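Okay, here's what each chain looks like letter by letter:
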Amino acid sequence: MTTRKTAPRFEPFADDASVRNLGGLSFENGRDRIGLHGSLDLTRDKAGLALARELKRTAAAIVAALESADLPEAVAEPEAAPQPVKNPFA
Amino acid sequence: MLLRPLQAVIVLALLGASPAAADDPPCPGLFAEGRAPVLTNPKLAAHTRPLCFEAYAVLHSGASRTPLYAAEHLTRESVAAARMVARDDSFHEEERLPAAERSQLEDYVHSGFDRGHLAPAGDMPTPEAQAQSFSLANIVPQNRAFNRGLWSGIEESVRRLASQRGTLYVVTGAVFTGGVVDALKSRVLVPTQLYKALYDPASGEAGAYLAPNRGGGEWRAVSMDELRAVAGVDVFPGLPAAAKARAMDLPEPREFARGDAAERRPRSDTWQDWFFRELARAVSKALRDVLRSIF
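Quick mapping for you: the protein sequence lines, in order, are chains A and B.
Mapping the first sequence onto the numbering used here, position 32 (from 1) lands on 32, and the numbers just tick up by one.
Mapping the second sequence onto the numbering used here, position 206 (from 1) lands on 206, and the numbers just tick up by one.
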């Protein structure tokens, strides 16, 4: 059905498409910004440990990506405001 | 807004008995009584294409370069199966759509808007279905605070209701009102409102959450008749008139972890559990309010 060439892999700040899902928490990747959405329960069991480890790995990868880059004080995100257009449905 | 119901009536009169959408949707199992929503505003029908996915179906508009709606059939089992494991997915263009009619990743980058799912990733019962939910054919530009706040609470409340009731048909849609609307890169229209309509086949009731696409947390419950007047869509065409006229009681949108399956935390817990949960909620709300007043 939906085509995708390669299996997605979450590499922090490498692209604007990949998403890491941990339970109900997702990390939406971006070249300038990673967005965290949702929430997550870490239960005191083996599943909770597996998720906590994955959370730690993900956070560590983000920190490593930031530490290895030459960072500005604040990223310049050229935010393009949406343009008003005629509503084709009105 | 006041003109809307009148317009809808005129549109219906012009259309007569022939609805704008196909009678046989390509993936009937995802629709209540196998019938796809009917577009009562005929302008919505231009450049539309139905697309089936494993666990949802959309009607995509090449005019807005967004889905108009996504239909799902949630069951207690599908919701339980959706509460899963760690995995990586990827937003992707929908290659079944003509390039000129579909949105691209670049349309959303630096737009200030979230890529909002109509059919949520958290509803998807299999890894493949979840991967498919990241198709841009299922995505609309959504206000960040709205997407991450109220809307995710609505999504979670609907999953919880599906777990309680056993089965629900859900149609999530985008509304574009007013003579002028915003567009990303002059290409991808920003919905003015979103709705999430529910139909419980066991009780015969239906109702919809309707909320503006901005922060602030406002929403209201509407009947299918009211929704048709606002959105120009008869979402569950098979319902009797009485069911369309009255909005069912909708659960208050509340955000819980998606791992909080109703099965795993039975409702028959003790009053102490309930008391401490409510206390924790009150404390965390008070904390949030305090923090908000400081910053």
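For the record, the hints were derived by calculation from the structure and aren't laboratory data.
Note that the structure is predicted; figures quoted are calculated from it, not measured.
Glycine included, every Cβ here is placed at the ideal spot set by N, Cα and C.
It is possible that part of the hints are untrue.
[Said to hold, decoys possible] Derived, one-sided and incomplete: chain B residues facing chain A with beta-carbon distance under 7 Å:
hint: 1; residue: 62
hint: 2; residue: 184
hint: 3; residue: 190
[Claimed, not checked] Straight-line distance between alpha carbons at most 30 Å, and here's what the computed DSSO-like set of lysine-lysine pairs gives:
hint: 4; chain 1: A; residue 1: 56; chain 2: A; residue 2: 46
hint: 5; chain 1: B; residue 1: 43; chain 2: B; residue 2: 285
hint: 6; chain 1: A; residue 1: 56; chain 2: B; residue 2: 285
hint: 7; chain 1: B; residue 1: 43; chain 2: A; residue 2: 86
hint: 8; chain 1: B; residue 1: 285; chain 2: A; residue 2: 86
hint: 9; chain 1: B; residue 1: 185; chain 2: B; residue 2: 285
Structure-based check of all given hints:
For residue 62 of chain B, the suggested interface contact is broken, since its CB lies about 10 Å from the closest CB of chain A, more than 7 Å. With its C-beta approaching chain A no nearer than about 5 Å, residue 184 of chain B sits inside the 7 Å limit, and its interface hint holds. About 6 Å separates the beta-carbon of residue 190 of chain B from the nearest beta-carbon of chain A, less than 7 Å, and the hint is met. Under the criterion of a C-alpha separation no larger than 30 Å, the hint pairing residue 56 of chain A with residue 46 of chain A is consistent with the structure, at around 15 Å.
Our distance criterion of 30 Å between C-alpha atoms is broken by residue 43 of chain B and residue 285 of chain B, whose separation comes to about 44 Å. Distance hint between residue 56 of chain A and residue 285 of chain B is fulfilled; the C-alpha atoms sit about 27 Å from each other, no more than 30 Å. For the given pair, residue 43 of chain B sits about 13 Å from residue 86 of chain A by alpha-carbon distance, which is consistent with the 30 Å threshold. Restraint check: the Cα-Cα separation between residue 285 of chain B and residue 86 of chain A comes to about 41 Å, which exceeds 30 Å; the hinted pair is violated.
For the hint linking residue 185 of chain B to residue 285 of chain B, the alpha-carbon distance of about 38 Å lies beyond 30 Å, and the restraint is violated.
Hints 1, 5, 8 and 9 from the list above are not met by this structure, while the remaining hints are.
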